[in-house]
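Undergrad: Work out the full structure: start from the sequences and follow the hints.
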Amino acid sequence: MFIYGQDIANFGGAFKATKGLAERFPGRVVDSPISEDAMMGLAIGAAIEGMRPIIEMQFADFSSVAFNQIVNNAATHFWRTGVALPIVVRMPSGGTMGSGPFHSQSMEAIYAHYPGLVVATPATVEDAYGLLLQSIELDDPVLFCEHKLLYFHLKSKGLPDPKSVLPIGKAKVIRNGQHATVVAYSAMVHEAIRAAEELEADGWKVEVVDLRTIKPLDMDTVLGSVARTGRVLCVGEAFPYGGVTAEVVSRIVADGFHLLDAPPQRLNARDTPIPYHPNLWKAHRPTSQTIAAALRELIAF
Amino acid sequence: MPQLGESIAEATVLAINIEPGTTITTDQEIMEVETQKATMGVTAPCPGTVLEITAEVDASYPVGAVLGQLEVSEAEAAEAGVLPEKLPEAKADTPHFGVPADDDDGSATLADPIHPTEVEPTVGGLPVPASATGASYISPRFRARMEELGINASDLASVAGSGAGGRVTVEDFERFMADLESQKMTFASPMRIAVAHSMRRSWARPLATVGTGIALDSVLTHRKTCDPKPGPALYLIRALAIALAEDTSPAGRLIGERVVHPPAIDIGFAVEVDDGVLVPTLKDADKIPLAELLPRYDALVDQARQRRLPREASRPGVATVTNFGTFGIDWATPIPLPEQNLVLGMGMGRKAPSWDAESGTFVPITEAQMTLSFDHRLLDGGAAGRLLGRINALLQDPASL
Amino acid sequence: MADALKERFFAAYRAMVTARFLEEKIAGLYHAGKVVGGVYSGKGQEAFSAALGVCLRPGEDVFAPLIRDQAGRVAFGEDPVDFTRTYLGSVEGPMRGRDGNIHRGRPDKGMPAMISHLGAMIGVVNGTLFAKRLKGTLGDSVGATAIGDGGTSTGAFHEALNLASVEKLPLVISVANNQFAYSTPNDRQFACEHIADRAVSYGIPAHKVDGTDLLACLDTYDKAVSAARAGGGPQLIAGTLLRLCGHGEHDDASYVPADAPHRIDCIEVAEDTFVKNAWATEAEITEVRAACAETVRVALATALNDPKPNPANETWQTTASGF
Numbered sequence: 001m002f003i004y005g006q007d008i009a010n011f012g013g014a015f016k017a018t019k020g021l022a023e024r025f026p027g028r029v030v031d032s033p034i035s036e037d038a039m040m041g042l043a044i045g046a047a048i049e050g051m052r053p054i055i056e057m058q059f060a061d062f063s064s065v066a067f068n069q070i071v072n073n074a075a076t077h078f079w080r081t082g083v084a085l086p087i088v089v090r091m092p093s094g095g096t097m098g099s100g101p102f103h104s105q106s107m108e109a110i111y112a113h114y115p116g117l118v119v120a121t122p123a124t125v126e127d128a129y130g131l132l133l134q135s136i137e138l139d140d141p142v143l144f145c146e147h148k149l150l151y152f153h154l155k156s157k158g159l160p161d162p163k164s165v166l167p168i169g170k171a172k173v174i175r176n177g178q179h180a181t182v183v184a185y186s187a188m189v190h191e192a193i194r195a196a197e198e199l200e201a202d203g204w205k206v207e208v209v210d211l212r213t214i215k216p217l218d219m220d221t222v223l224g225s226v227a228r229t230g231r232v233l234c235v236g237e238a239f240p241y242g243g244v245t246a247e248v249v250s251r252i253v254a255d256g257f258h259l260l261d262a263p264p265q266r267l268n269a270r271d272t273p274i275p276y277h278p279n280l281w282k283a284h285r286p287t288s289q290t291i292a293a294a295l296r297e298l299i300a301f
Numbered sequence: 001m002p003q004l005g006e007s008i009a010e011a012t013v014l015a016i017n018i019e020p021g022t023t024i025t026t027d028q029e030i031m032e033v034e035t036q037k038a039t040m041g042v043t044a045p046c047p048g049t050v051l052e053i054t055a056e057v058d059a060s061y062p063v064g065a066v067l068g069q070l071e072v073s074e075a076e077a078a079e080a081g082v083l084p085e086k087l088p089e090a091k092a093d094t095p096h097f098g099v100p101a102d103d104d105d106g107s108a109t110l111a112d113p114i115h116p117t118e119v120e121p122t123v124g125g126l127p128v129p130a131s132a133t134g135a136s137y138i139s140p141r142f143r144a145r146m147e148e149l150g151i152n153a154s155d156l157a158s159v160a161g162s163g164a165g166g167r168v169t170v171e172d173f174e175r176f177m178a179d180l181e182s183q184k185m186t187f188a189s190p191m192r193i194a195v196a197h198s199m200r201r202s203w204a205r206p207l208a209t210v211g212t213g214i215a216l217d218s219v220l221t222h223r224k225t226c227d228p229k230p231g232p233a234l235y236l237i238r239a240l241a242i243a244l245a246e247d248t249s250p251a252g253r254l255i256g257e258r259v260v261h262p263p264a265i266d267i268g269f270a271v272e273v274d275d276g277v278l279v280p281t282l283k284d285a286d287k288i289p290l291a292e293l294l295p296r297y298d299a300l301v302d303q304a305r306q307r308r309l310p311r312e313a314s315r316p317g318v319a320t321v322t323n324f325g326t327f328g329i330d331w332a333t334p335i336p337l338p339e340q341n342l343v344l345g346m347g348m349g350r351k352a353p354s355w356d357a358e359s360g361t362f363v364p365i366t367e368a369q370m371t372l373s374f375d376h377r378l379l380d381g382g383a384a385g386r387l388l389g390r391i392n393a394l395l396q397d398p399a400s401l
Numbered sequence: 001m002a003d004a005l006k007e008r009f010f011a012a013y014r015a016m017v018t019a020r021f022l023e024e025k026i027a028g029l030y031h032a033g034k035v036v037g038g039v040y041s042g043k044g045q046e047a048f049s050a051a052l053g054v055c056l057r058p059g060e061d062v063f064a065p066l067i068r069d070q071a072g073r074v075a076f077g078e079d080p081v082d083f084t085r086t087y088l089g090s091v092e093g094p095m096r097g098r099d100g101n102i103h104r105g106r107p108d109k110g111m112p113a114m115i116s117h118l119g120a121m122i123g124v125v126n127g128t129l130f131a132k133r134l135k136g137t138l139g140d141s142v143g144a145t146a147i148g149d150g151g152t153s154t155g156a157f158h159e160a161l162n163l164a165s166v167e168k169l170p171l172v173i174s175v176a177n178n179q180f181a182y183s184t185p186n187d188r189q190f191a192c193e194h195i196a197d198r199a200v201s202y203g204i205p206a207h208k209v210d211g212t213d214l215l216a217c218l219d220t221y222d223k224a225v226s227a228a229r230a231g232g233g234p235q236l237i238a239g240t241l242l243r244l245c246g247h248g249e250h251d252d253a254s255y256v257p258a259d260a261p262h263r264i265d266c267i268e269v270a271e272d273t274f275v276k277n278a279w280a281t282e283a284e285i286t287e288v289r290a291a292c293a294e295t296v297r298v299a300l301a302t303a304l305n306d307p308k309p310n311p312a313n314e315t316w317q318t319t320a321s322g323f
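Chains as they are written, first to last, in the numbering used here: chain Z, 1 to 301; chain B, 1 to 401; chain S, 1 to 323.
Read the hints as simulated data drawn from the structure, not as lab findings.
Take these hints with a grain of salt, some might be off.
Once the Cα atoms are required to be at most 25 Å apart in a straight line, the calculated DMTMM-like pairs of lysine to aspartate or glutamate come out as [as the list claims (entries may be wrong)]:
| id | chain 1 | residue 1 | chain 2 | residue 2 |
| --- | --- | --- | --- | --- |
| 1 | Z | K16 | B | E34 |
| 2 | B | K287 | B | D302 |
| 3 | B | K351 | B | D217 |
| 4 | S | K109 | Z | E126 |
| 5 | Z | K19 | S | E167 |
| 6 | S | K168 | Z | D31 |
| 7 | Z | K19 | B | E32 |
| 8 | Z | K157 | B | E10 |
| 9 | Z | K16 | B | D58 |
| 10 | Z | K172 | Z | E126 |
| 11 | S | K168 | S | D108 |
| 12 | Z | K155 | B | D58 |
| 13 | Z | K172 | Z | D218 |
| 14 | Z | K205 | B | E174 |
| 15 | S | K43 | S | D222 |
| 16 | S | K135 | Z | E137 |
| 17 | S | K109 | Z | D139 |
| 18 | Z | K16 | S | E249 |
| 19 | Z | K163 | Z | E137 |
| 20 | Z | K205 | B | E171 |
| 21 | S | K34 | S | D251 |
| 22 | S | K135 | Z | D31 |
| 23 | S | K43 | S | E7 |
| 24 | Z | K16 | B | E10 |
| 25 | Z | K19 | B | D58 |
| 26 | B | K283 | B | D397 |
Bear in mind that the values here come from a model prediction, so they are computed numbers and not experimental data.
TA: Shown next as structure tokens:
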């Protein structure tokens with residue numbers, strides 16, 4: 001196993017995620033040139049040789065440079081050749097203030113579109129830890145979307161026993177309710193919880209489902225929740241065209257039409273590049289307030 | 001504590017290079033702090049005099065926290081763009097993502113990444129359908145629950161809705177169903193359910209009824225000459241069949257923008273059976289004389305009462321005749337079968353005075369009310385009246401039937 | 001030494017002829033409507049490709065062949081039946097009908113399977129070498145791959161060459177300059193004087209050779225591969241040649257001028273070399289060609305009688321973990 005990425009060795013990475021690792025594992029935490037395509041190609045070759053490489057993209061946005069290697073080479077490899085590629089691509093994802101159009105993107109839906117890839121989107125420190133360990137053990141390429149809020153804003157009292165962490169492909173009901181379900185993942189889980197808390201003051205009990213991994217997508221848990229509430233809002237930080245929320249809603253409609261008491265709704269970022277100034281940025285992505293407003297409309301239907 | 005880098009939430013103060021009373025200049029390094037990424041200097045945004053320093057060395061502060069106070073002139077503060085903003089800023093009410101709530105220094109913008117001032121949901125509006133009062137809008141979930149319990153929308157006419165626009169919700173429905181448990185209930189017979197189902201389908205159309213009194217004397221006289229004697233309903237069947245053969249359009253069905261004409265003039269007639277009604281069909285009633293129809297008619301009545309109608313006779317015809325007069329009823333508004341446009345009814349025959357212009361006196365006749373119920377989309381009162389008139393004329397010449 | 005060279009020359013020649021016959025046979029089947037996809041031949045490039053193949057050590061070295069490397073594949077030890085089975089979509093082949101023609105390989109046996117996106121496989125070979133070094137199994141093995149004149153314009157090519165040089169990997173990159181990438185001539189592809197100049201800025205030694213002369217190719221590859229084995233870092237070999245067929249069987253290459261340089265059949269050149277050095281008689285050459293033809297006949301007959309993919313038997317499984 002080794003980690004390959006820009007500024008990850010002595011510097012410890014742009015987000016300090018690999019801080020101290022280069023000293024603990026000499027030669028296995030390696031600075032790469034700024035060549036995302038070649039980095040991903042290297043990971044594929046190393047995986048063919050039986051290693052379990054981890055690639056750190058400095059920002060998820062830059063994985064687009066490696067897009068070809070990820071979706072055409074890595075994703076098709078097991079299907080085409082029968083040789084599995086245990087690769088983890090760590091992608092600092094999602095928006096933070098002042099980061100602008102090229103350091104804020106949520107790329108998960110693009111990769112989930114391609115057969116042969118696993119896409120993890122942890123919302124909590126515990127899941128980020130547990131799912132990362134599971135992803136490394138997995139024999140397939142995993143796009144590991146680490147929301148940047150995980151690095152400095154979210155805290156955990158300690159790391160969980162990895163065995164206690166739900167496996168890849170299982171969503172989790174993290175808040176029980178009866179009037180509506182919010183399906184969310186990554187940072188939006190926390191926004192959804194805040195919105196649910198706000199609505200609870202008015203007597204509405206909102207269930208929150210954290211998808212945890214968007215591919216595989218655990219529709220059993222989602223449909224189970226919709227069966228309890230009859231109303232569903234799906235929230236994602238990514239752009240609104242297509243994507244995870246559209247996928248979840250379409251599957252709910254196809255497989256759970258009889259469970260619905262209102263048209264299922266989606267809430268995403270706006271259909272523009274991600275803005276730089278905080279005033280614009282905060283109005284661009286879903287927040288607890290916009291989620292709460294959407295939930296009120298949904299419950300009023 | 002300024003935002004010192006990408007996604008930095010807090011920093012630790014390593015050194016403080018100033019003390020209260022120090023005069024400082026723009027960009028002067030006043031503190032050294034360490035983030036998880038690097039060690040760097042904090043500089044003064046504008047010149048001024050240090051009033052107080054609240055920060056302590058080796059302590060960590062979130063981005064946006066107050067580290068100290070600087071006394072500056074308003075002009076210099078304005079020049080440096082650090083006057084309190086006029087923008088309506090949101091106040092954080094609770095800590096979020098581990099970031100402490102903002103202090104009173106207006107730094108909430110930076111300390112609280114997730115708090116927009118005005119909420120404008122990007123989700124589309126969800127208006128309840130305009131007609132969705134009562135049980136007229138039924139969600140998929142509601143529909144699934146109704147199907148599970150074998151309930152129809154028309155069963156819920158009495159349920160008061162508590163949803164948006166008075167809509168009946170699943171919860172209203174469940175309450176309604178639970179209330180029923182305390183009342184006496186029996187199971188409806190399969191025949192009752194079949195009739196109910198048929199009538200519910202029929203009722204989806206705008207139905208109207210017209211009627212007129214007719215003299216039955218000719219029919220009754222003719223009847224006496226026959227052996228066996230046909231019932232008045234059979235005369236009615238024959239007259240209706242002939243009238244429709246002359247003009248099939250009243251018996252058509254309106255489908256979209258087209259009228260579907262009947263392929264044959266098969267006429268049904270209502271037979272009361274246990275807990276319901278059956279409507280056997282006489283095929284080609286326009287082509288077969290009354291005398292020949294009679295044994296078929298009698299046979300179908302028997303078969304209907306025994307619930308042994310042959311399949312062919314169970315297929316709906318183009319119209320139905322019902323002799324509700326046998327129940328002592330004068331007038332009714334029967335409902336046509338869902339597959340038909342017309343139902344012709346006849347009330348009880350009664351002695352009535354009829355003005356005889358020739359003798360200048362009232363003479364007694366046997367009169368009954370004849371009704372025609374129809375789908376008003378296809379037929380108007382005038383056309384319905386003309387059809388009744390033609391049937392009446394045919395009945396006055398029973399030998400021709 | 002002369003015997004070793006002669007032996008290597010013979011091996012390369014056998015691979016060239018086998019490749020030529022394989023491609024001619026599959027082209028014939030293509031025109032008979034028996035091949036579901038396209039047919040992409042390396043006619044005229046066999047010497048440049050085979051010379052690389054015979055300089056590699058199967059089982060130790062990695063070779064990621066590209067489109068025109070049928071001769072190199074045979075020289076590296078790929079079973080010709082892998083070729084026929086993949087072209088015909090046999091379930092018995094390495095790609096089992098899931099991928100076809102030149103998009104094949106046996107990654108677990110040192111031969112990664114190319115994807116169509118040019119330059120992508122260089123990065124993959126880098127990875128195999130990087131991993132071998134980390135695991136301590138690199139020894140003096142090398143990793144080789146190929147590209148054409150057009151492929152050297154891709155970002156992937158430049159990223160991967162730079163990375164290989166930064167990591168000092170024993171990468172051998174063979175650049176066949178066909179003068180035309182599909183129909184696009186060199187002057188629309190690069191503006192440096194020689195295609196080998198592309199290596200300079202990465203600090204990679206470039207070796208130039210006449211790609212139609214097997215003897216010269218063997219000599220050049222021998223030097224380059226030896227340098228890589230000896231820790232000299234990546235090596236680029238630029239061979240000048242002209243393919244004697246179009247981009248694929250569907251293409252008559254009418255865009256190539258009749259007087260284009262290097263319109264030379266490298267197999268004929270190799271046979272002249274045999275005679276000139278008195279390494280083989282006409283009869284011996286005929287015998288070798290007959291043996292190659294028999295190998296091809298068997299490979300084709302085998303694949304033609306293989307079962308075709310049945311969707312009902314397909315697992316449709318895209319991940320090893322079964323998601």
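Undergrad: Taking the hints in turn, state whether each one holds.
TA: We went through each hint and held it up to the structure:
A C-alpha spacing of about 13 Å is found between Z:K16 and B:E34, which places the hinted pair at or below 25 Å, so the restraint holds. In summary, the hint linking B:K287 to B:D302 is supported, as the alpha carbons are separated by about 23 Å, within the 25 Å threshold. The straight-line distance between the Cα atoms of B:K351 and B:D217 is roughly 10 Å, inside the 25 Å bound, and the hint therefore holds. Between S:K109 and Z:E126 the CA atoms are separated by roughly 39 Å; this puts the pair beyond 25 Å, and the hint is violated.
Pair hint Z:K19 plus S:E167 holds up; C-alpha atoms about 22 Å apart against a cutoff of 25 Å. For the suggested pair S:K168 and Z:D31, the alpha carbons sit about 14 Å apart, so the restraint of at most 25 Å is met. The straight-line distance between the Cα atoms of Z:K19 and B:E32 is roughly 21 Å, inside the 25 Å bound, and the hint therefore holds. Restraint check: the Cα-Cα separation between Z:K157 and B:E10 comes to about 18 Å, which is no more than 25 Å; the hinted pair holds.
For the hint pairing Z:K16 with B:D58, the CA-to-CA distance comes to about 20 Å; that is within 25 Å, so the pair holds. Restraint check for Z:K172 and Z:E126: the C-alpha separation of about 13 Å stays at or below 25 Å, so the hint holds. Under the criterion of a C-alpha separation no larger than 25 Å, the hint pairing S:K168 with S:D108 is consistent with the structure, at around 23 Å. Proximity of Z:K155 to B:D58 is assessed by CA-CA distance (about 20 Å); at most 25 Å being required, the pair is judged to hold.
Note on Z:K172 and Z:D218: the hinted pairing holds, with a Cα-Cα distance of about 9 Å set against a maximum of 25 Å. Of the pairs offered as hints, the one joining Z:K205 and B:E174 holds, with about 19 Å between alpha carbons and a cut-off of 25 Å not exceeded. Pair hint S:K43 plus S:D222 holds up; C-alpha atoms about 23 Å apart against a cutoff of 25 Å. Taking the CA atoms of S:K135 and Z:E137, the gap is about 18 Å. The hint holds against a cut of 25 Å.
Restraint check for S:K109 and Z:D139: the C-alpha separation of about 18 Å stays at or below 25 Å, so the hint holds. Taken as a hint, the Z:K16 and S:E249 pair is broken in the structure, with Cα atoms around 54 Å apart against an allowance of 25 Å. For the proposed pair Z:K163 and Z:E137, the alpha carbon gap of about 13 Å is at most 25 Å, so the pair holds. Restraint check for Z:K205 and B:E171: satisfied, since their Cα atoms lie roughly 15 Å apart, inside the 25 Å limit.
A hinted pair counts as satisfied when its Cα atoms are at most 25 Å apart, and S:K34 with S:D251 qualifies at roughly 18 Å. Between S:K135 and Z:D31, the direct Cα distance comes to roughly 18 Å. Compliance with the 25 Å bound is thereby established for this hinted pair. Annotation: proposed proximity of S:K43 to S:E7 holds, straight-line Cα distance about 23 Å (limit 25 Å). For the hint linking Z:K16 to B:E10, the alpha-carbon distance of about 14 Å falls within 25 Å, and the restraint holds.
With a C-alpha separation of about 20 Å, the suggested pairing of Z:K19 with B:D58 holds against the 25 Å cut-off. For a cut-off of 25 Å, the pair hint linking B:K283 to B:D397 stands: about 23 Å separates their Cα positions.
Going down the numbered hints, you'll see the structure goes against 4, 18, while the others check out.
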